[in-house]
Amino acid sequence: MAHFAIRRLAGMIAVLFAVSVLVFAIFNVIPSADPARQLAGRSANPQLIASITKEWGFDDPLPRQYLTMMENILTGKVVSYETRENVDERIVEGIPATFSLCIGAAVIWMFFGILFGYLSAVRAGGLLDRALTVVAVTGISIPVFWLAAILLNYLTYRLELFPSGSYVPLTESPLEWANHLILPWVTLAVIFVGFYSRVLRSNMLDAMNEDYVRTARAKGLSERRVMTRHVLRNSLVPIVTLFGLDFGALLGGAIVVEGIFNINGIGQYAYESLINLDLPPIMAITLFGAFFIVLFNALVDIAYAYLDPRVKLGETAQ
Amino acid sequence: MSPPLLSVRDLRVGFATEGGLVQAVDGASFELAAGEVLAIVGESGSGKSVTAETIMGLTRGPNTRTEGSIALDGRELLDAGEEELRQVRGARIAMIFQNPMTSFNPVYRIGAQVVEAIRAHRPQVGREEAREHAVGLLDAVGIPDPERRVDRYPHEFSGGMRQRAMIAMGLALEPEILIADEPTTALDVTIQAQILELLRRLNRERGLATILITHDFGVVAELADRVLVMHEGRIVERGSLDDVFYASKDPYTRKLLGSVVRLDRAAPLRPARREQPLLEVTDLVKHFPVRQGLLFDREVDRVRAVDGVSFSVAPGETLGLVGESGSGKSTLSRAVLQLLRPTSGSVRFGGREIAGLSRRQMQPLRAEMQLIFQDPYASLNPRKRVGQIVGEPLRLHGRASGADLRSQAGELLERVGLAPEHYNRYPHEFSGGQRQRIGIARALALRPKLIVADEPVSALDVSIRAQILALLSDLQEEFGLTYVFVAHDIGVVRQVSDRIAVMHEGRIVEQGPADQVCERPANAYTQTLLAAVPVPDPRESRARRSSSAS
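As given, the protein sequences belong to chains A and B, one line each in that order. The end of the first sequence is residue 318 by our numbering, with every number in the run present. The end of the second sequence is residue 868 by our numbering, with every number in the run present.
If you are wondering where the hints come from, they were derived from the structure by calculation, not from laboratory data. Keep in mind it's a predicted model, so treat the numbers as computed, not measured. Do not take every clue at face value.
If you want a taste of the chain B side facing chain A, the calculated C-beta under 8 Å gives, among others [claimed, not checked]: (1) Met374; (2) Thr377; (3) Glu400; (4) Arg407; (5) Asn417; (6) Asn423; (7) Pro424; (8) Glu434; (9) Ala435.
Where a beta carbon is used, it is the ideal one built from N, C-alpha and C, also for glycine.
Between the sequences and the hints, there should be enough to build the whole structure, so can you do that?
Structure, rendered in structure tokens:
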């Protein structure tokens with residue numbers, strides 16, 4: 001386990017380094033993104049721009065600029081070129097909203113994804129399976145912004161069941177927190193429910209042909225026990241992988257859903273920064289997101305070793 | 319006479335498929351008395367496994383059409399409800415399967431799976447008590463240190479131990495009947511002998527009635543009291559062990575018995591060759607490193623798959639390479655062909671050193687050495703036409719193209735006993751034996767000097783096996799081929815080989831002329847291997863058992 005942790009930590013640092021270099025390099029080859037002009041704001045004149053360039057080190061060689069930027073990000077001193085706000089503080093402010101959105105959505109999509117997948121597989125070929133297939137494919141195909149618009153139109157503006165969005169902190173009012181998040185949760189979860197239920201269905205159908213399932217029947221287990229203890233249990237392993245990657249990626253900001261429902265989280269901030277070509281927040285948010293992707297990758301591996309005893313942590317396959 | 323324990327009457331099982339109804343079992347009737355061992359013998363597709371699974375109700379499904387009657391102690395099973403059937407499964411009739419590797423769920427401990435079986439029928443038994451029972455069962459089937467092993471996972475067991483554990487799980491509820499579907503087919507021959515001994519002991523000591531499903535007449539002779547022979551869903555022969563072996567009236571049964579390869583019947587000997595060897599292997603070593611490390615992997619151990627092997631093969635000769643799984647025989651054959659880079663040692667082919675040649679240097683030599691694979695299903699690309707598969711080596715080596723390629727591929731197909739019209743078909747349209755012929759045609763395409771055949775007949779039925787062996791021997795005559803014939807079955811190896819080398823744990827423990835190795839083995843391991851091969855002859859098998867018992 002200690003070996004595994006050290007290895008993964010080293011890997012994580014390498015990935016984050018590579019990602020940050022890449023983002024920094026891309027930004028610096030984009031034309032019309034002169035940070036000094038951004039910082040100068042409306043009253044920009046050549047003298048001001050020149051002095052800002054000098055003061056902020058924008059004429060330093062790129063590796064030097066990169067190091068300064070990374071140092072500022074990691075020590076919490078980095079500020080936006082657009083608004084001069086502290087970037088790290090903005091990200092921390094966005095965490096509760098983004099995490100509330102993602103965790104809630106994940107609970108919904110795992111529950112319904114597994115439920116629908118299980119029912120589809122057990123009733124494969126039957127009416128319920130076909131109905132759930134239609135539901136799943138619809139869920140996968142609906143564009144998120146369209147679904148959000150439909151939900152808002154009917155459930156918020158016509159029936160006035162839910163608020164139109166924005167985020168109420170959990171500490172302020174748990175009920176309002178949930179009430180405001182229901183539509184965003186559903187919107188975000190729908191595509192994953194469709195996707196996960198299809199994957200689980202096909203995994204389970206494969207597993208049903210395994211020899212150990214025949215053994216389980218032959219020893220006199222009830223059909224339900226065969227399905228849950230043997231078929232479902234073994235089919236969940238790939239679902240865990242998918243979940244780790246998807247969830248890790250979402251924690252870096254669910255840009256579209258946060259935007260539509262006006263949730264002031266990390267996704268929203270990422271969107272603003274991209275529009276403004278504001279390098280410091282883009283770098284910081286990318287690193288933040290990459291961190292979770294790498295972290296969840298490691299967690300997936302740990303979960304794998306737990307779910308499948310044949311897998312040993314830290315062993316490289318030959 | 320007491321009424322039979324199990325009685326099967328006019329059983330017909332059909333499966334509705336896209337191509338119409340496939341009648342897998344077509345009117346089978348038989349009875350099983352308490353305490354007897356009934357063998358059902360047949361080739362693949364004969365309906366023997368479907369019969370067994372139908373007794374357990376495992377073939378039930380929307381596409382299955384079942385008629386007839388299966389009665390256990392007078393109680394009809396075919397129209398029994400799911401719950402009634404569930405109470406029979408595992409509790410009164412237990413079943414063990416061919417592949418012990420895949421028949422346990424890999425994610426649960428062995429003990430937990432046995433406990434699950436017990437508690438499915440006796441929910442009042444506590445977990446602790448059930449576990450104790452499981453330990454006792456593992457002990458009863460000869461698993462050493464059962465107290466510790468009960469908490470191990472299936473992948474931590476060897477193949478033979480898994481099959482023992484499978485049997486232990488089957489015994490958990492003291493069933494009256496055990497159905498063993500090819501229980502030893504996936505096991506090495508020395509392990510097979512142990513499992514057969516265990517089954518015999520359980521039958522004798524516990525009076526466990528056994529239905530033994532197998533394709534192997536050797537296994538039948540070792541174990542059965544009565545024999546049924548199935549062919550295309552029907553029972554074509556039935557009788558006592560001796561009746562079926564020595565006085566069979568059915569032509570199919572006689573043909574099947576005739577094509578059984580027998581260890582004790584030698585192939586005609588060919589004079590030993592004293593020429594310059596075509597292949598000369600000296601001190602060949604192939605180790606696989608086991609790597610581990612904190613940040614950078616370093617080698618902590620190595621698997622000595624091939625550990626200093628030397629042999630030579632003369633042109634036109636067949637060297638048989640025998641060994642059980644894990645002996646290193648497949649690694650050796652790949653290292654010889656330079657498909658794996660040897661760790662050290664020398665491989666001379668036609669006098670030229672080829673160990674350590676680069677891919678590009680090997681390329682022209684590849685035409686002269688070809689490989690035939692074990693699995694005729696996996697070794698042919700399912701999306702290519704048979705003609706393309708056979709012609710591919712010619713195309714890759716620039717030997718032929720266009721119409722010429724087509725006609726050459728057609729000739730090759732004809733030569734291995736297929737029709738040139740088969741050119742445009744796909745592999746799935748062929749049977750296992752035909753596919754193996756396609757594989758042989760592909761290996762022949764470049765007119766190689768050396769063919770390494772890695773278990774070329776072990777996936778085939780006995781009657782097909784005999785045909786393929788005959789084909790290989792004809793081709794050897796015609797093209798002056800040299801074979802390295804790799805197999806686990808020493809009977810098959812003896813039939814085709816001039817000389818035999820026995821591999822064990824990465825080394826050749828004995829090599830010499832086929833007769834000498836099989837009849838006067840000098841090495842202890844070779845002796846064990848030979849003694850474990852079941853003899854497809856009940857009288858001899860009995861004689862051997864009584865002599866080893868005394």
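Evaluation of the interface hint that places threonine 377/B against chain A, nearest CB under 8 Å
It is violated, given that the least Cβ distance between threonine 377/B and chain A is near 10 Å, above 8 Å.
Does the CB of glutamate 434/B sit less than 8 Å away from some CB of chain A?
holds (7 Å)
Status of the methionine 374/B interface restraint (C-beta, 8 Å, chain A)
holds (6 Å)
Measuring from the C-beta of proline 424/B to each C-beta in chain A, is the shortest one below 8 Å?
Result: holds, 6 Å to nearest chain A Cβ.
Regarding the hint that asparagine 423/B lies at the interface with chain A, is the smallest CB-CB distance below 8 Å?
Cβ of asparagine 423/B sits 4 Å from chain A, so the hint holds.
Are asparagine 417/B and chain A close enough, Cβ to Cβ, to be under 8 Å, as the hint says?
With a closest approach of 6 Å, the asparagine 417/B hint holds.
Chain A contact restraint on arginine 407/B - CB to CB distance below 8 Å:
Since chain A brings a Cβ to about 4 Å from arginine 407/B, closer than 8 Å, the hint holds.
Any CB of chain A closer than 8 Å to the CB of glutamate 400/B?
OK, holds: glutamate 400/B within 8 Å of chain A, min 7 Å.
Holds or violated: the hint that alanine 435/B contacts chain A, with Cβ atoms closer than 8 Å.
With a closest approach of 4 Å, the alanine 435/B hint holds.
In this structure, only the earlier hint numbered 2 is contradicted, and the remaining ones agree with it.
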